[in-house]
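Guided by the hints, dock chain B onto chain A, whose structure is given.
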Amino acid sequence: GQNIDQPTEMTATEGAIVQINCTYQTSGFNGLFWYQQHAGEAPTFLSYNVLDGLEEKGRFSSFLSRSKGYSYLLLKELQMKDSASYLCAVTDRGSTLGRLYFGRGTQLTVWP
Amino acid sequence: ETGVTQTPRHLVMGMTNKKSLKCEQHLGHNAMYWYKQSAKKPLELMFVYNFKEQTENNSVPSRFSPECPNSSHLFLHLHTLQPEDSALYLCASSLRQGTLGDSNQPQHFGDGTRLSIL
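First to last, the protein sequences are chains A and B.
Counting the first sequence from 1 gives a position; the numbering used here is that position plus 394.
Counting the second sequence from 1 gives a position; the numbering used here is that position plus 1451.
The following block holds chain B by itself, in its conformation from the complex:
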């Protein structure tokens, strides 16, 4: 139990479907992150929210749409995805987005959603 819960754990969807991934953290953190993990590739940062405000969009296609209604919840809305979007999507949280004085805050990850696009 990492304190970060992601649902669903597995998702299979067609390219025309719309679905959402959910992340909830119970750690009292204020920063939340979405990452994409593909086979044989490094973890790729997608979005960062700090105190509910989006602070980073790492050139992610618009078919991925994040939402952060409060510091404990983060969503990733998906529509018209492509086969290359099949991957493990990981959510993470940290106390707050790091500053020069506290860059040592580790990020706590959820178990991820394994997404397969047909």
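Same shape as in the complex, but just chain A:
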């Protein structure tokens, strides 16, 4: 099976930078997604990584190291609206193609 691990909770202050880590173990890694989910709302797509390195999208960046089974989501210039759960998910060539395996999510709270 797939083991996806991310911290349960994190806190930070407005304007700061926060890094949310995700580690995974899967035999046929085929890509990693980050989603944001506000309470009572749909998860929304943030980023996708399949090659090693950093992908930057405005205030959000996502990094992947395939050899280490590791990714992080970097949020800069934090705003109150960034308080949400951040979900890490991987796809695996060995299972139904396109199937996503999710971590438990990291609940981020941003304080003023």
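Please note that a few of the clues may not be correct.
In silico PhoX-like links for lysine-lysine, alpha-carbon gap of 25 Å or less [as the list claims (entries may be wrong)]:
{"no.": "1", "chain 1": "B", "residue 1": "LYS1503", "chain 2": "B", "residue 2": "LYS1470"}
{"no.": "2", "chain 1": "B", "residue 1": "LYS1491", "chain 2": "A", "residue 2": "LYS475"}
{"no.": "3", "chain 1": "B", "residue 1": "LYS1492", "chain 2": "A", "residue 2": "LYS475"}
{"no.": "4", "chain 1": "B", "residue 1": "LYS1503", "chain 2": "B", "residue 2": "LYS1469"}
{"no.": "5", "chain 1": "A", "residue 1": "LYS475", "chain 2": "A", "residue 2": "LYS451"}
Residues of chain B clear of chain A, computed beta-carbon distances all greater than 10 Å [said to hold, decoys possible]:
{"no.": "6", "residue": "PRO1459"}
{"no.": "7", "residue": "LYS1469"}
{"no.": "8", "residue": "LYS1470"}
{"no.": "9", "residue": "SER1471"}
{"no.": "10", "residue": "GLU1475"}
{"no.": "11", "residue": "HIS1477"}
{"no.": "12", "residue": "PHE1502"}
{"no.": "13", "residue": "PRO1517"}
{"no.": "14", "residue": "GLN1533"}
{"no.": "15", "residue": "PRO1534"}
{"no.": "16", "residue": "ALA1538"}
On the chain A side, residues computed to face chain B include the following (Cβ under 7 Å) [as the list claims (entries may be wrong)]:
{"no.": "17", "residue": "GLY425"}
{"no.": "18", "residue": "GLU435"}
{"no.": "19", "residue": "ALA436"}
{"no.": "20", "residue": "PRO437"}
{"no.": "21", "residue": "PHE439"}
{"no.": "22", "residue": "TYR442"}
{"no.": "23", "residue": "PHE496"}
{"no.": "24", "residue": "GLY497"}
{"no.": "25", "residue": "ARG498"}
Quick caveat, the hints were computed from the structure, so don't treat them as lab data.
In this text, a Cβ means the ideal position worked out from N, Cα and C, and glycines have one as well.
Showing chain B alone in chain A's frame:
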């Protein structure tokens, strides 16, 4: 607005009731998914439909019965549910079920139906 609409948003039902959850996507996608989200647990995939054909049933109990009449609509029929089935049920869609060449297609989620079993 995510392009994926789920109804109802909240549902309370007894264990002997029969109800259905509905999902509609307006994105022109061909793959649709049902997920279960319980507190403190990862999102669990339940069913996948690709071009109206069921391609995955993730060992889901038969008291959950999916139906996909066309690529835009997905239903989850519920009957004789148990208290442990109380959860948020999320529908998602993607352009098509991923292949090796296009595994980067994100899934677009609806806001979910919050289901409570009495």
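Hints versus structure:
| no. | hint | result |
| --- | --- | --- |
| 1 | B:LYS1503 with B:LYS1470 | holds (21 Å) |
| 2 | B:LYS1491 with A:LYS475 | holds (22 Å) |
| 3 | B:LYS1492 with A:LYS475 | holds (24 Å) |
| 4 | B:LYS1503 with B:LYS1469 | holds (23 Å) |
| 5 | A:LYS475 with A:LYS451 | holds (17 Å) |
| 6 | PRO1459 | holds (14 Å) |
| 7 | LYS1469 | holds (26 Å) |
| 8 | LYS1470 | holds (20 Å) |
| 9 | SER1471 | holds (20 Å) |
| 10 | GLU1475 | holds (14 Å) |
| 11 | HIS1477 | holds (14 Å) |
| 12 | PHE1502 | holds (13 Å) |
| 13 | PRO1517 | holds (15 Å) |
| 14 | GLN1533 | holds (22 Å) |
| 15 | PRO1534 | holds (21 Å) |
| 16 | ALA1538 | holds (14 Å) |
| 17 | GLY425 | holds (5 Å) |
| 18 | GLU435 | holds (6 Å) |
| 19 | ALA436 | holds (4 Å) |
| 20 | PRO437 | holds (5 Å) |
| 21 | PHE439 | holds (4 Å) |
| 22 | TYR442 | holds (5 Å) |
| 23 | PHE496 | holds (4 Å) |
| 24 | GLY497 | holds (6 Å) |
| 25 | ARG498 | holds (5 Å) |
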